[in-house]
Structures are given as C-alpha cells and as structure tokens.
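Build out the structure end to end from the sequences listed, making use of the hints.
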Amino acid sequence: MKAKKAVSLLMAAALAATMLTGCGGGRGTEEAAAPAETPADTPAAVEETAEGENTENTEPEKAAESSAAGGGIVGVALPWLGTQNWAEAEVMFKEQLEAAGYKAIIQAADQKVPQQQQQIESMIENGAQVIVVGPVDGSQLGSVLEKAKDAGVYVIGYDRLLENTTGVDGVVQFGSVKTGELQAQALLQGLKELKGEAPYNIELFGGGPADPNAPNFFTGAMSVLQPLIDDGTLVVVSGQTDFTQCATVDWDNSKAQSRMDAILAGNYSDIEIDGVLSPNDGIARAIITSCENAGQPIPVVSGLDAENESVEWVWSGRQYSTVAKPTDALVGQTVSIIDSLLSGNGMPATDVTANNGVIDVPIYELPPVVVTKDNAKEVFADDPDRMALLKD
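Letter by letter, the sequence shown follows residues 1 to 392 of this note's numbering.
Note that these hints are calculated values from the structure, not bench results. Careful, some of the hints might be misleading.
Claimed, not checked - Subject to a maximum C-alpha distance of 27 Å in a straight line, what follows is the list of computed DSSO-like cross-link-like pairs (lysine-lysine):
no. : residue 1 : residue 2
1   : LYS192    : LYS178
2   : LYS178    : LYS377
3   : LYS112    : LYS255
4   : LYS94     : LYS147
5   : LYS149    : LYS94
6   : LYS178    : LYS255
7   : LYS178    : LYS373
8   : LYS391    : LYS373
9   : LYS373    : LYS195
10  : LYS195    : LYS149
11  : LYS377    : LYS192
12  : LYS94     : LYS112
13  : LYS112    : LYS149
14  : LYS391    : LYS377
15  : LYS391    : LYS192
16  : LYS391    : LYS195
17  : LYS149    : LYS373
18  : LYS373    : LYS192
19  : LYS178    : LYS195
The structure presented is a predicted model; accordingly, all values stated were derived computationally and were not measured.
Dropping the structure here:
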C-alpha cells in the first residue's frame, strides 16, 4: 500500500483535527506535596526539579497563570530506552518541554513495573502538575495513577493505553489497529511483488503481551490476513495463529529470533518461507537474520517504528516494509495537550475513545504511514536524518 502524502502533511492534519476547542474543566490544580528527593538508584533521570523550589499551588487560578507563562512541572515516565523510538522520546520531551518553559522530570524504568511505580510516585511528590506515562505494563499502574488523580495531577498516556484505572485523562498514540492493518497489507503487497503466485507460506509474530498496543496490532493484521488464511491463499505452516502463540515477551529480539529458529527447524527443512508478519523493526531484523542463518531466501517481512537500521534495510531490499510513527509528532501532540491543561483550558476535544476496563478514555490518534522502498523518499522528505540513510 503506497502512501500518498508525506508524513509532515499527515501529521499536520492529525494535529489540526485533534487540537480543537478545549472541552473545558479537567481536574483543578490542587496543593502539591513538598518535594521529595528522587531515589539515587532511579535510572535515566534527565532533568530534576530545582532543589528547594516551592511547588505549592494553593490557588488554581494562579497555578494556571504560572503554567501558561512557563514554569510548570511535568513528569515523563518512559518504559525503557532500549529502542530508537523510546530513546528519541526521552530527548524530544526534554527539548520540547524546556522550550515551552516547563521543568521536566524524565525517567525510564528499564521495563520494570515496580521501578516505574516508584518513579511516578516521586514525580507526584516533586510537584508534577502533569505526568506523561508510557507504561511498562498498562494494566499494572492503577494504584499509583489513582494517587496522582487524588493529588490533582493530570495523567496522559503516551503511545499505550493505561488500563483498569480512573486516573487517566487521555492517551496520545498512533492508531494501533490501523497500524496492524497496514503491516498486513504491506506483507500481502510484498508477497505479490516478490514471491510469485499464491499460495504463500507465512508465519506470524506479535509484540509484548504486556503492551496493550500489541494485541491491537495483531487484531488489525489478522482482520486482513485471516480471510486469506481461511481460503488457502496464505498457509501458516507452523499452525501458530493465536496471539498467545505468536506474542514476543518484552518485545525481546533474541526471543523472537529463537522462536523463528525453532519454527524453521521444525517446519521448513524442505520448503521455503515466503513471508513473516513482524510487529516491529527489531523483531523484523531478528526474523530475517534467523532465515539467513537457516539458508532460507529472505522472506517478505513487515515492521514498525522506522528505526534507522530498518530504514536502511528497507532501502536495500532486505526488509520489505516498516511503518513510520514519527516520535516528534507524538511528543508535539502531547506537549500541546499539556499546554491546554496548564493554561486552564482542559483536555482538547476528540471524538475517539477507548474503554480501559473502567472508563472511556479520550484518545488522540495520529495516522501511521507504511514505508517501502517505493515511497521512502516521499515519506521522509522532511526528515533529513532518515533521508541521509537512503543512499543511491
């Protein structure tokens, strides 16, 4: 599926659509607890609050005025920095929040839920007025997010839904089901282009089961692929078609490669594999490496995140596709919502919601874009760093 517009145009449209007139209200700024020292063993603390700063806001109107003029405190809790998109988020949040006049507390949890809980508690104690949370596990933060709500702190989910809690005001993300649909459509396109006539032998991989996006990616993909599996156009030789069978714990590339090694050894000793549905770029590269080690021709493989190495692989023809979800656009959307909240205008309007098991959460969706060699220069026209990877 060939993208028709550059990412910059899509992002601009998405931002314009979602940042409409504020829907008002939101939680008022309540008196914050006195700042507490962040634990010394908390990793990835990029920017901490100034020592001894008074974070008490006894009058909501004055707090809103102060925040509108800059000087508000914003916490950002990231799950880890082990992939390019999360490492980019750390840098871009720091740059954009500081440029907007906020004090930023940015921490990453090394994929450990207790560590992230502790980091969020520390942000509350240090007077954060808004906390942005990219959860390690979206279902395991209910208690600490309720604590944030009780303290008058706004909570914005970043990239992933925050589940089973009323302590969330909205979530900013790229459409996760749509992402899966794009991955599947790209896989089918690549099979038709590169692997001749059907039927095609394929395998399916999913992301980390603790990430609420992962089953959505898989659901979106299977809405496209399942009818073709049913009619015999696609043959999943291993028979592994359920998300629980296909999931990759912790999005771990080595676990994905080990699973691919086992699938190839057990099912492909005398046949070729034509394609693999991969949920992200790191797993895509692990799958391709496994196939090469097994002496298989490189299959058509999907991806996600437009990581630099995979952009190079797509350009060289080694990986068929990825899906771009520009981090700067996602961070920019989040900062725009923070501006609305701390200037007293509440959460912006949106027509999209998702039930998190307790409440319907406002969702601020941006459009993902599939990338192949055919449209890479168009998609990355306004991204000089990735354009530099597309060497003739």
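Hint check results:
no. : hint             : in the structure
1   : LYS192 to LYS178 : 21 Å, holds
2   : LYS178 to LYS377 : 22 Å, holds
3   : LYS112 to LYS255 : 18 Å, holds
4   : LYS94 to LYS147  : 25 Å, holds
5   : LYS149 to LYS94  : 24 Å, holds
6   : LYS178 to LYS255 : 26 Å, holds
7   : LYS178 to LYS373 : 21 Å, holds
8   : LYS391 to LYS373 : 11 Å, holds
9   : LYS373 to LYS195 : 17 Å, holds
10  : LYS195 to LYS149 : 53 Å, violated
11  : LYS377 to LYS192 : 22 Å, holds
12  : LYS94 to LYS112  : 22 Å, holds
13  : LYS112 to LYS149 : 22 Å, holds
14  : LYS391 to LYS377 : 10 Å, holds
15  : LYS391 to LYS192 : 26 Å, holds
16  : LYS391 to LYS195 : 26 Å, holds
17  : LYS149 to LYS373 : 46 Å, violated
18  : LYS373 to LYS192 : 15 Å, holds
19  : LYS178 to LYS195 : 25 Å, holds
Hints 10 and 17 from the earlier list are contradicted by this structure; the remaining hints agree with it.
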